[in-house]
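Fit chains B and C to the supplied structure of chain A, relying on the hints for placement.
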Amino acid sequence: MKAHSFTYERPSNVLEASRLLAEASGEGRVLAGGQTLGPMLNMRLAMPKLIVDIGGIHELKTVEHFVDRIVVGACVNHAVFEDWIDPTPLGQLLSRAGGSIAYRAIRNRGTIGGSLCHADPNADWVTTMSLLEATLLTASTKARRQLPMSEFMLGTYSTALNPDELLVAIDIPKISSEARWGYYRICRKVGEFPEALGAVIFDQPRKVGRVIAGGMNGRPLSLPTVAEFVAATGKTPELPEVEKAIQESEPGFDSVDLRHHAVAVRRAILMALA
Amino acid sequence: MNKNISIIINGKSVEALVEPRTSLADFLRDKQRLTGTKLACEHGVCGACTVLINGAPGRACITFAATLDGAKIQTIEGFENDDVMEVVRNAFHTKHGLQCGFCTAGMLITARDIVTRFPNADEQTIRTELSGNLCRCTGYMGIVKAVQKVLEEMPAKERVRNPVIPKNPTQTFPFKTFQPKSSTQTNTSSKRMTAKRVSEKDVDGWIRLTDRFIVARNRDETWRLFSDFARMASCMPGASLTKADGDQLEGQVRIAFGPIRASFKGNATVQRDDKNYEGVIAGGGNDSSSGSRAKGQVTYQLLGGNSGENTIVNLTLEFQLQGALAQFSRVGLIQEFSARLISSFAKNLSDEIEGRRKENGDKTELRVSGLVWSVLAARLKALWLKISGIGSSNRSRS
Amino acid sequence: MCVAPTRAEAEDLVQRISLDVDELPAVIDAVKARNSDSALLHEEWGDNIFLPTSIDINFDEFAKKADVVVKREYKLARQCMMPMEGKGVLAYWDERDEQLVVYASTQVPHMIRTGLSLALGIDQSSIRVVAPDVGGGFGYKCVLQPEEVAVAWLAMKRRHPVRWVEDRREHLVSGANAREHHYVVTAYADKQGKLLALDAEITVDVGAYAVWPWVCFEGPQAGGNLPGAYIFSGYRCQTYSMATNKPPLVPYRGVSRPGVCFAIEMTVDAVARAVGREPAEVRLENLVPAASMPYTNITNKHYDSGDYPSSLRSAMEKINLDGVRARQKQGEKDGRLIGVGFAPYTEQTAHGTKVFAAWGIPLVPGFEQASVRLTPGGGLEIRVGVQSHGQGMETTLAQIANQILGIDVSKIRVVHGDTKFTPYSTGTYASRSIVMAGGAVSKTCVLLGERMKRIGAHLMQCKTEQVRLETDKMVGPNGQVSVREIADVWYLHPEQLPDDVDPGGLEATGGYKPKVDTGAFTFGTHAAVVAVDPELGTVEILDYVIIEDCGALVNPMVVEGQTYGGAAQGIGTALYEEMPYDHAGQPLASNLADYLIPGAAEVPPLRIFHTQTPSPFTEHGIKGVGEGGAIAPSGAIVSAINDALRPLGAEVNSIPATPRRVLSAIEAAKARSAQQ
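Chains as they are written, first to last, in the working numbering: chain A, 150 to 423; chain B, 106 to 503; chain C, 41 to 716.
One chain only, chain A, in its complex shape:
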């Protein structure tokens, strides 16, 4: 388990990184924290000719707070969220999600942007950013784009990023102080990828009610009918109803997987209503 031989570049800004990737014509790969790419390189599952290490681009490590949003640089580590002392619902949720990822040694180096770009369906940020309706800011030498999370992730390990395009920052709308959230992971072992994730938010002042089933085989699944029911009634739907809602949008799960997804969602709702 030793990586193949590759060329390594450590640019000092995003455009330079984009230019290097463009030159590699699809054979380049961005290294952010390296906590997923590192293992894949060691296992030789990934063998790009060029590694573009964006860990030296300091601007990508900033967090900016605005009145109605937080803009997080793509290279902000999970541990930064874990240690975030912010008693608002958003601060708590981000801290919970970031602190749930793998182990501290991984969280110290893994980044939110790297996780989103890897687009593993079972990753915490993929679900959380879908829940929060984040917008992903990207840049290349050719263009800058903002992609809603729902347009960014196309499927397992697949994003809308062009080969020379980088995720630069994540624009997270703030939720109100009265918002309620729930986040439930079903996990065989502490630190492992969750097999199912439920993430919900009920933000009455902003009229936002969202229920997300994560850890699916592809993109996280939004369950608007379930969200509407909870928002309108303040009640937790019964398990068969959640199962039905998931099955309608995503048929094909066997009974055990379906159950796990439904329980994750339902328990996240229970947490939010507690």
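Some hints here could point you the wrong way.
Claimed, not checked - Keeping only pairs whose Cα atoms sit at most 27 Å apart, straight-line, the calculated BS3-like set for lysine-lysine is:
| # | chain 1 | residue 1 | chain 2 | residue 2 |
| --- | --- | --- | --- | --- |
| 1 | C | LYS373 | A | LYS338 |
| 2 | C | LYS555 | A | LYS338 |
| 3 | A | LYS198 | B | LYS108 |
| 4 | B | LYS400 | C | LYS358 |
| 5 | A | LYS210 | B | LYS108 |
| 6 | A | LYS384 | C | LYS373 |
| 7 | B | LYS286 | A | LYS356 |
| 8 | B | LYS108 | A | LYS384 |
| 9 | A | LYS210 | B | LYS177 |
| 10 | B | LYS254 | C | LYS460 |
| 11 | C | LYS115 | C | LYS72 |
| 12 | B | LYS281 | A | LYS393 |
| 13 | A | LYS198 | B | LYS370 |
| 14 | B | LYS136 | A | LYS356 |
| 15 | A | LYS210 | A | LYS198 |
| 16 | A | LYS393 | C | LYS710 |
| 17 | A | LYS198 | B | LYS136 |
| 18 | B | LYS281 | A | LYS384 |
| 19 | A | LYS338 | B | LYS254 |
Don't read these hints as lab results, they were simulated from the structure.
Then chains B and C, alone, in the frame of chain A:
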């Protein structure tokens, strides 16, 4: 190719020329003769290689030495004068916190991190925080007791602030019912793909997917495409034919699955039934770089549509992987990927038949339109300009 | 083999090789491999059976008296042993010594030397095997590894050092070599649940080839050990050791016993349910009673000593059985179901010549030897051929020597892991080292002690019988002399020695084998309380109690460490660890995200209690302890899971008891009750 790095290891400045692919752990063990750092999984799970990177625990196995220019590394050999580690080490000794000793270097570094970050940790917190370091000998009993002993004995001055990790939300307001506005981010932007996941009892190693589409052409016209293998292959993402000799085909299928790339080169045989408008292309190939093999088949069947002007195409893709690329339990992910594959194959075929497809195949990159740059506040825009490096040309490559 | 200056470069070479092979049908399921229409692994055999065995002891006679008959099928997944350090070997040809030097991560350096000599066709004197610090073994490293032979051969051929270190992927993919058993067990009992007879069919998935030297003994061992701590009068058992397209089965901590313990405990539970009684009570009545000890059981196992029922009673008390039963009646606020389970077990340790010879193993252990030397300066060196790779033998063997010679433990050095310096030994496996090497150290220290006393008596001008060994000194009626002085006289001032001094000096080698070498039976009971989440099928261990008896405790902390570690591995067997294969024979867990081993959060605080019943046959009454912890957890935990599931009518009989298996069992029970 190789990169010069300047790095501080255990307080000592080291200049070295490293191959980019060399992990920090291999660099420490093989080049610096610091063999206290152990390698046990090399994919970041077991924690045996944990060292301090710029003061914080990190995995030396999945961190490449080349990325650490200017960094400060502390390995287990570098804690000689560390008061906290002294206490931790003694506690491991007296509480039987090690047996074979292979996990111990990583355990000690993680334990030191735990006692400094969680001075009031209860047993559950200790166990949770230790979960990134696997031990196969002790059952963790001695290790947990050692950490507890350190917490009991450690002077308060060594302790830093304990971060508050919310396990649950603190709901301070009563729940008020409301009608949520509809989200701008829904599932409908593109078709969701799923496939039946393989259960533990039914792992036959084959992935089977079907698709069905209707084209606005009659059967004979549609069948012509299915008789032209080069055109057909061009519709399959990543596929290309190098030779077509009657019903014997030669070619390759390139797969890009996230960072994973594979290129299966091989042969296939076509069996056609012109009378019934059916065919099977069956074959197999090797991807030598991953040491993986694939075999599979595409089955197609054309049915006349209602009007006679339409054709229904039934498509089945079946394949089996063997070797490194197949040796994972998360079959669902591969199935979802395959479902997207067959779906774009179907779309390309239908576009090809109906004449909508460009000459060189569908290589258009996905572009997302309708996004409005100007919605961002001026300050945010400035920030973005700053972080994306635009307008700071003086910071370009040196 | 790809040889390169670094492993990375060797892997580059591997990538350039592609195999062009014609695929044959894979044999993956050991039970199906018994069918006459199965594909064949070794065509010349005509079937896939490595080894069948058959036992029938008064089966019909007692089975027909039964009021209750229960039949169950059990399955254990294939597992990896996963020492944190994998295999590793470095070999070079030493031109000066004209010797092949092999550094190996092994539990059995002398056996490797013998094996290499056979495989390479060179004399044993031309081979030195060194096993320095070994990062865990658990049985994985108690066989001659193909890589050891290959690397040694390459080093001889190329005349430069060659190294190979196993990586985790290699370990998972090619080292999944343990535990995969299948049982069909039928129990015959009376109305009270007293066992009368047992009928078992055991199929063991041995993999494609046998390992050297432990050729294919797990199946027969399972047949012999299934009765465990229980008494019954009729027994019929067929075992099938089957060849499949998997890595060879290697004896892993507990070998067959985690499997048989799981099978027998599930069976006793099923009997108890059938007769409607408290399973713990049914167990108590079926255990070998203390009054019968020593007891020779139905498969001729000679249980040397112990009180099995009182061990179980102690577990019932410590786990608070009555409290759990009361709590079950109340129900849990969170909707989970709780259950309690028990698993009494026996652990045959340090079984010797007679047992291994009967299994027909090519390398049979005999007398174990130790060399001890009082060094100039008054320290002690102990040389043993067993290997310490986490067992703390550096401490425990020193303690035994200290007990005999009085020399302070800090001055005793245990030398092991090098064939150049240690007496021949078959090595460390089968929980034998503390009994065998401990016995040898003890015997040899007595020998050395007599020689030391003779010198001491001369210096103190008294009779040898009057000399007492105390801490670092000898005491006579008229004074004392330090051990250091004894050493000084022998090495530096022989002019002060008595005329009749033993010319063998202060260095001795002695040997030891217990009087009865069928093994010292360690025993105990594990008890678990679990909470099952019926919505998810997840299991949390709420409490775990171990009552442990390994005879005289040499070092309680070391015994506990061994037991805890074994129990954690047993928790892995019960709940987490599994190497699945698809039908084409692809192993589906090539990394530690797919193959789950318990971390600190998955192992609950384990509560251990010792009892000490010395073995009548061994030196100091010591019994072995290495494997016991790993034997009982599946029995106790899954018994507890099924106890929790009882209101739902569900049973899990296949391990690991994953959420999927538990949930499927619940669904199946629901479907059954809906049909009725």
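Hint check results:
1. Pair hint LYS373/C plus LYS338/A holds up; C-alpha atoms about 24 Å apart against a cutoff of 27 Å.
2. Note on LYS555/C and LYS338/A: the hinted pairing is violated, with a Cα-Cα distance of about 47 Å set against a maximum of 27 Å.
3. Among the hinted pairs, LYS198/A with LYS108/B is consistent with the structure: their alpha-carbon atoms are about 16 Å apart, no more than 27 Å.
4. Restraint check for LYS400/B and LYS358/C: the C-alpha separation of about 57 Å exceeds 27 Å, so the hint is violated.
5. Only pairs whose Cα atoms come within 27 Å are accepted, and LYS210/A paired with LYS108/B is accepted, the gap being roughly 24 Å.
6. At roughly 19 Å between alpha-carbon atoms, LYS384/A and LYS373/C fall within 27 Å of each other, so this suggested pair holds.
7. About 6 Å separates the Cα atoms of LYS286/B and LYS356/A, which keeps this hinted pair within 27 Å; it holds.
8. Note on LYS108/B and LYS384/A: the hinted pairing is violated, with a Cα-Cα distance of about 60 Å set against a maximum of 27 Å.
9. Between LYS210/A and LYS177/B, the direct Cα distance comes to roughly 19 Å. Compliance with the 27 Å bound is thereby established for this hinted pair.
10. For the hint pairing LYS254/B with LYS460/C, the CA-to-CA distance comes to about 41 Å; that exceeds 27 Å, so the pair is violated.
11. A distance of roughly 14 Å separates the Cα atoms of LYS115/C and LYS72/C; the hinted pair therefore holds under the 27 Å criterion.
12. Of the pairs offered as hints, the one joining LYS281/B and LYS393/A holds, with about 26 Å between alpha carbons and a cut-off of 27 Å not exceeded.
13. With a CA separation close to 20 Å, the supplied pair LYS198/A and LYS370/B stays within the 27 Å bound.
14. Restraint check for LYS136/B and LYS356/A: not satisfied, since their Cα atoms lie roughly 59 Å apart, outside the 27 Å limit.
15. Between LYS210/A and LYS198/A the CA atoms are separated by roughly 26 Å; this keeps the pair inside 27 Å, and the hint holds.
16. Note on LYS393/A and LYS710/C: the hinted pairing holds, with a Cα-Cα distance of about 19 Å set against a maximum of 27 Å.
17. Between LYS198/A and LYS136/B the CA atoms are separated by roughly 25 Å; this keeps the pair inside 27 Å, and the hint holds.
18. About 11 Å separates the Cα atoms of LYS281/B and LYS384/A, which keeps this hinted pair within 27 Å; it holds.
19. With a CA separation close to 26 Å, the supplied pair LYS338/A and LYS254/B stays within the 27 Å bound.
Checked against the numbered hints above, the structure breaks hints 2, 4, 8, 10, 14 and satisfies the rest.
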